[in-house]
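The residues making up each chain are set out below.
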Amino acid sequence: MLYAILCYNFEDAIGAWTLAEDALVMARLGLVEAGLAAADRLGAVARLLPTTAAVTLRKGRSDGSREHLVIDGPFAETKEQLLGFYVVECGNLDAAIDVARDLAVANPDRGAYEIRPLAVYRPGDLTETRALIKGIGA
Amino acid sequence: MTIANIDAAWIDAALTAARPQAVAALLRYFRDLDTAEEAFQDACLRALKAWPKNGPPRDPTAWLILVGRNAALDGVRKQSKSAPLPPEELISDLEDAEAALVDRLDGEHYRDDVLRLLFICCHPDLPATQQVAVALRIVSGLSVRQIARAFLVGESAMEQRITRAKARIGAADVPFGAPNAEERAQRLTAVAAMIYLVFNEGYSAGGQEILTRGSLCDEAIRLARLLLRLFPSEPEIMGLTALLLLQHARAPARFDAEGAVVLLEDQDRSLWNGRMIAEGLALIDKAVRHRRPGPYLVQAAIAAEHDRAERAEDTSWARIDLLYGDLEQLAPSPVVTLNRAVAVSKVAGPEAALAMIEPLAPKLSGYFHFFGLRGGLLLQLGRREEARVAFDQAIALANTAPEAAHIRLHLDRLMREGAGG
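Chains as they are written, first to last, in the numbering used here: chain A, 345 to 482; chain B, 10 to 430.
For the record, the hints were derived by calculation from the structure and aren't laboratory data.
All C-beta atoms in this analysis are idealised placements derived from N, C-alpha and C, irrespective of residue type, glycine included.
Heads up, a few of these hints could be off.
Stated by the list, open to error - Short, incomplete list of chain B residues facing chain A, as computed with Cβ under 10 Å: (1) 24; (2) 390; (3) 393; (4) 397.
To be verified - Anything over 12 Å on all C-beta distances counts as not near chain B; from chain A, calculated: (5) 366; (6) 383; (7) 404; (8) 405; (9) 416; (10) 438; (11) 450; (12) 467.
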C-alpha cells in the first residue's frame, strides 16, 4: 500500500523562518528522505509554494462548458477534503488552469482544483512498489 | 503539531509572524502604541512559558491578542485593586473566547487593523528614514540596536530618532475608524512604498554591512507577504512581493569574498536562490492575469527577465527595453530612462544609449549611476578621456565603498590600457 503524507503547519510561522532556519529544517528532512530512498520506499517529494501563489478553479457547471470560475487564492471550502493531486508540467499559469479546466470537464460535479506552483520536486523511484500497483491495475 | 516537536525556532517564528496582526489589534483596543507594544511583549513572555508546556494554541495570533489584552487590563485592575482575570493557561481551552476572535482574523475588520498599524508607521509627517525605522521597531519588532546597525548609526541616536518619531505619531490625529475603500487604496500605496524602502535600505548595503542589512531584505519580504495575504487579489502587491523575491534571490552572488560588487553579467547564477525565483515568477504569472499592470509588477517582470536567463548572454534585452518603455509610461522618471538606456545600449549600441541619457544630465547631476553608465558608454565608444572624467565624477558621488571600488576598477583598467597603448 502506498501512503501519501501531506504536510500541514502554520504557514505564517513557516514563512517567518530565516533562510538559515529553513535550510536547517530542509537538511533534517533530507536525512529522513535519504533513509527512505536507500530502502526504496520514497516516492515523489514536492514542496508547494505559499498559498499566496495559488489560484482556484471552482467547478460550477455540469454542462460540459469550460467557463469555470477562476479565483485568487486557495479558497477551497473547508467542508471539501483533499482527495488527491496531479503534478503537471506547464509553461505558465494559464496553461495550468487549462489543464484544470480539462479535469473539470471530465469531472464536473462540485468541488474545486487548487493550482499551486511547486518549489521543489523530486520524482523518487519506487521500482518494486510500482510493479505492485501495475499488478493490481491489471 | 504535538508538544514534543514545538521547538524554540518554531515559537520564535510564530511570535514574529503574529506580531503585526497582534500589535495592530491591541492598538485598536488601547489606542496607544506603547501600551499595545508592552501588552504584546507581555503576551510573548507568557507564550514562551505556556506553549512548550501546553502545546501551541489553535491560533497563535488570537492567543497573543487575548493574553496581551488581559495582561494589560490586569495591570490596570491591579492598580485599582479589583479581581484579576483568569490565567492564560486556560485560554486555549476557552474555545468560545478564541473562536470569535479567530473568525474575525480573516475578516475585513482585522485586515484594516494591520493596514492602520503599517500606515501609522509611514505617517506622511515623518521623513522616509524614520518611517522605515519606526516600522522596523513596531511592526517587525527589531531591537533598536539591530535597526541602528542597519542604518549605520549609534544606538542612542537611533533610540532618540524612534522616540521622536513615535511622539510625533502620538501627537498627530490618528484615525482609528475603519478606512473606506478609497482611503484603503491610498494607505496600501503608502505602505507598499514603505516596504520597498525597507528593502532598498537592505539591498543598497555592501561588503561587511551585507550580513546585518541583508536581514532588512528578509524583513521587507516578510512584510510584503503579510500584505499579500491581507490583499490576495491586488496585482500590485503580487508585483511588489515578486520584485523583492526576484531581486533578493540574487543576493548570494552580488558580492565576492572581498565584499566587492559582482555585476549581474558576471554573477555565478548557480548561487541564485531558485525557490525565491520560482515564487516570484509564479506571482508575476498570477498578477499578469489581472491585466492591470502597475509599476511594481513591471519592475518585477524586468527582474524576472534577468532571473530567467541561464547565462548572461541569454538575457532578452529587447524585452527588457519594452518593459522599461512600459515603466516610463506608468511611472516616468529620469532614473527609469537611465535604466532603459542600459537595455538600449545592448539592443541598439552605445551611441543610441548615450544620446538617450545626455538630456538627463541636468536632473541626474548628483547621481552615481548616471556617471557610471555614461563612463561605461563613452569607454565602449573609445572616448577614453571623457570616460575618465565621468568615472571620476561617479567615484565622488558613490554612496558605498563597494560602489566606489567598482568604478575605480574601471579607472585602473583605463589607466593601464592608456599606459600600454
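Now the hints, each set against the structure:
no.: 1; hint: 24; result: 9 Å, holds
no.: 2; hint: 390; result: 40 Å, violated
no.: 3; hint: 393; result: 43 Å, violated
no.: 4; hint: 397; result: 41 Å, violated
no.: 5; hint: 366; result: 9 Å, violated
no.: 6; hint: 383; result: 23 Å, holds
no.: 7; hint: 404; result: 19 Å, holds
no.: 8; hint: 405; result: 20 Å, holds
no.: 9; hint: 416; result: 5 Å, violated
no.: 10; hint: 438; result: 7 Å, violated
no.: 11; hint: 450; result: 23 Å, holds
no.: 12; hint: 467; result: 17 Å, holds
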